[in-house]
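Chains V and Y supply the protein sequences, listed in that same order. Just so we're aligned, residue 22 is where the first sequence starts under the numbering used here, counting upward by one. Just so we're aligned, residue 190 is where the second sequence starts under the numbering used here, counting upward by one.
These are computed hints drawn from the structure, not numbers from a lab. As the structure is a computational prediction, the values presented were derived from the model and not from experiment. Hints should not be assumed to be uniformly reliable.
Away from chain Y, derived, C-beta distances all over 12 angstroms, residues of chain V [as the list claims (entries may be wrong)]:
(1) G104
(2) G228
(3) V271
(4) Y310
(5) E359
(6) Y383
Per the computed footprint, the stretches of chain V lying under chain Y, defined by three or more beta-carbons under 8 angstroms from a beta-carbon of chain Y, are [said to hold, decoys possible]:
(7) 341-354
(8) 364-371
(9) 386-394
Backbone N, C-alpha and C fix where the C-beta goes; we use that ideal spot for every residue, glycine too.
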Amino acid sequence: MSESSSVGVVSPKTAHFSEPLTLKSGAVLPAFDLIYETYGKLNADSSNAILVCHALSGTHHLAGKYSEEDKYPGWWDNIIGPGKPLDTDRFFIIGVNNLGGCHGSTGPMSINPATNQPWGSSFPVVTVEDWVAAQARLANHLGINAFAAVMGGSLGGMQALQWTLSYPARVRHALVIAAAPNLTAQNIAFNEVARQAILTDPEFYGGDFYAHDVVPRRGLRLARMLGHITYLSDDAMGEKFGRKLKHDEVEYSFDVEFEMESYLRYQGDKFAGEFDANTYLRMTRALDYFDPALAFDGDLSAALKVAQAEFLIVSFTSDWRFSPARSREIVKALLENERRVSYAELTAQHGHDAFLMPDDHYHAVIRAYLERVA
Amino acid sequence: MSTPNFIQAATERRDFAAIARWIAPKSKVLDLGCGDGSLLGYLRGALDITGYGIEKDDANVLACVKNGINVIQMDLEAGLSGFEAQSFDVVILSQTLQAVYHTEHIVQEMLRVGKEVIVTFPNFGYWKHRLSIVIGNMPVSRNLPYQWYDTPNVHMCTIHDFDDFCAGHSIHIRERLILTDGKPVNLLPNLLGSLAMYRFANTLA
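Sequences are here, hints too, so could you generate the full structure?
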């Protein structure tokens, strides 16, 4: 990408909300902060705002760099910027770290003003609905009554869908990418293994490890390694790593022998060094609990009846964690409600991770859709 | 055998207008193999329909999104399992019949999902096609614009053939319209008609 298509150097802002927020679980957060970034300019009638919701391990840092020397840009820099599909010359784009996060929004690592200690294990379990409610407070704060679009991939797509249900009149378009109307049993199973890795790490201390000045690195590392296996397709792994060896010959040991292992260890270590275990537990739980059809006896069509937005649903052929069949369930329910909806099932090799990849056709579809979003 | 674009466009509009006459305003319409969505765009403008297209080709899906047409990317050959019975007022298969493999299954699926079905196809019995064969070449025309080696068409049929198909599958034809250059043909339709249009429903419905 050329420099001219970058949003350049950015910095986050923090908004404080002093009105208590009652969560779906019944717990009440007396006050909270949300850290967010914006790109582009909000127009005079505040009609050009796009909210981009992040997935499991994402952040509010969507695009740009924090300094010229910053090595990596935000996590969706390939699609956001001047002239890019999410065109910052036209749109005012917002990224926000979700409640319970570990990148600046109020979460388990934050100090609980009532105790002057980190929330830790006492931080409530949050849901997709809670995130959307908190994001709506941010929208109010920014003077945005209705979003031109709310979008996201994976867990972010679930938030985009929830927006159309929680605040139907405040979303004109929803772009739901590589998502699902709920998790399959297999998906919950993966999340449970990841949580068990963390919960059984002796350095987790029931979630109050901050006081012990340790981090449950082993648990986080395992959780992330497992996650990475499921985000890639067998083919993509085969192509990227195959059976390539780390060294010229095998060493008959349990050190890294294969490139695949090296990749997983690297990803696991990196993640364990920067992500909060309590946040990870809550993010995976939010995924597990998301199920808008539950209150309608499993009838997704009935659940989506309140939605007024127009939809673009996108899935990727090799995504087995959030398979195209799951996206088609959303499409079917929207069709039954006669909502305006388009569905692109993109041929992609990268598995679930494909939603982050700069594929030409994928980006062309997003660009074409957003060009109609006034 | 090239026809100027503006004549093609005018003929296409006449074909679309003929289809539109069979559809009630504000109907819920499903167009199978909708291409770039131009028929749905026309029907939306003319009749304020709620329309959805099904299309498998990436470039066509992108064109639909650009044109603001609701498009569902899927392969027709897999059937319409994501669609409830009798959930559309009209299901259209416009100039796509000849390109599908599982013809019987797709027609059955259309009858299941649509209260009414519209099928249009290029008449292989059209005299120009017959002449082409007599001369010794596979026909290439406005409605059959492909060379034999790169055609998506696998199940060509004549108007007689399709009449027989309907009779053999208990399909009750409500209306049939044969067009050449967008104009109705009443005399010797299987010989003089270039485009065949059928409107039918399940006999049970």
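Now for the hints, and whether the structure bears them out:
Here G104/V stays apart from chain Y, with its beta-carbon at least about 17 angstroms from theirs, past the 12 angstroms limit. With a minimum CB-CB distance of about 43 angstroms to chain Y, G228/V clears the 12 angstroms threshold, and the non-interface call stands. Remark: the non-interface label on V271/V is consistent with the geometry, its nearest Cβ contact in chain Y lying 43 angstroms away (cut-off 12 angstroms). At roughly 26 angstroms from the closest C-beta of chain Y, the C-beta of Y310/V stays outside 12 angstroms, upholding its exclusion from the interface.
A beta-carbon of chain Y comes within 12 angstroms of the beta-carbon of E359/V; the shortest separation is about 5 angstroms. Residue placement check: Y383/V does not keep its beta carbon more than 12 angstroms from all beta carbons of chain Y (closest about 10 angstroms). With a threshold of 8 angstroms between beta carbons, the proposed coverage of the region 341-354 of chain V by chain Y holds, since 3 of its residues qualify and at least three are required. Residues of the region 364-371 of chain V with a Cβ under 8 angstroms from some Cβ of chain Y number 5, which satisfies the need for three, so the listed coverage holds.
Under the rule that three or more residues need a Cβ within less than 8 angstroms of chain Y, the assignment of the region 386-394 of chain V holds, with 5 such residues.
In terms of the numbered hints stated before, the structure departs from hints 5 and 6, listed from lowest to highest.
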